[in-house]
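Undergrad: Sequence:
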Amino acid sequence: MSCELTRRSAKLALAISLLGLTALTGCRESEENRVITLEKGVYHGQQDHALTEDQRRELRARGMKQQF
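Just so we're aligned: 40 in this note's numbering is position 40 of the sequence shown, and the numbers increase by one with no gaps anywhere.
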C-alpha cells in the first residue's frame with residue numbers, strides 16, 4: 001500500500017512539475033510587456049506596406065482561379 005501511494009505521489013509531482021514548466025515557457029519574450037488595449041475598430045499593429053500593381057494583378061489572377 002505504501003509503495004502504491006509513493007508511486008501515485010511521484011506521478012502527481014511529475015505531472016505538476018511538467019505543468020509548471022509548460023506554464024513558465026508559455027510566454028515568449030516578444031509577447032511580454034506588450035500593450036493589450038482593445039478599441040473597437042482601431043488596429044494598433046504596424047501599418048502594412050502598399051501593394052504594387054504587379055502584386056495586385058497576381059492577387060486578382062489567383063482570385064479568378066477560385067471562381068466556379
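If you're looking for bench data, these hints aren't it; they were derived computationally from the structure. A few of these clues could be false.
Unchecked claim - For each label pair, taking beta carbons as the anchor points, the in silico distance ranges come out as:
#1 R60 - K11: 38 to 46 Å
#2 K40 - Q66: 41 to 49 Å
#3 R57 - I16: 55 to 63 Å
#4 Q55 - A10: 52 to 60 Å
#5 H44 - L18: 54 to 62 Å
Fair warning: this is a prediction, and the values are worked out from it, not measured in the lab. We put the CB at the ideal spot given by N, CA and C, even for glycine.
Undergrad: Per the hint of 38 to 46 Å, is the separation of the Cβ atoms of R60 and K11 within bounds?
TA: violated (58 Å)
Undergrad: Note whether the CB distance of Q55 and A10 lies within 52 to 60 Å or breaks it.
TA: holds (58 Å)
Undergrad: Check the following: the C-beta atoms of K40 and Q66 are separated by a distance inside 41 to 49 Å.
TA: violated (31 Å)
Undergrad: If you check the beta carbons of R57 and I16, does the distance land in 55 to 63 Å?
TA: holds (57 Å)
Undergrad: Determine whether the Cβ-Cβ distance between H44 and L18 falls within the hinted range of 54 to 62 Å.
TA: About 35 Å separates the Cβ atoms of H44 and L18, which means 54 to 62 Å is violated.
Consistency note: the structure conflicts with the earlier hints numbered 1, 2, 5.
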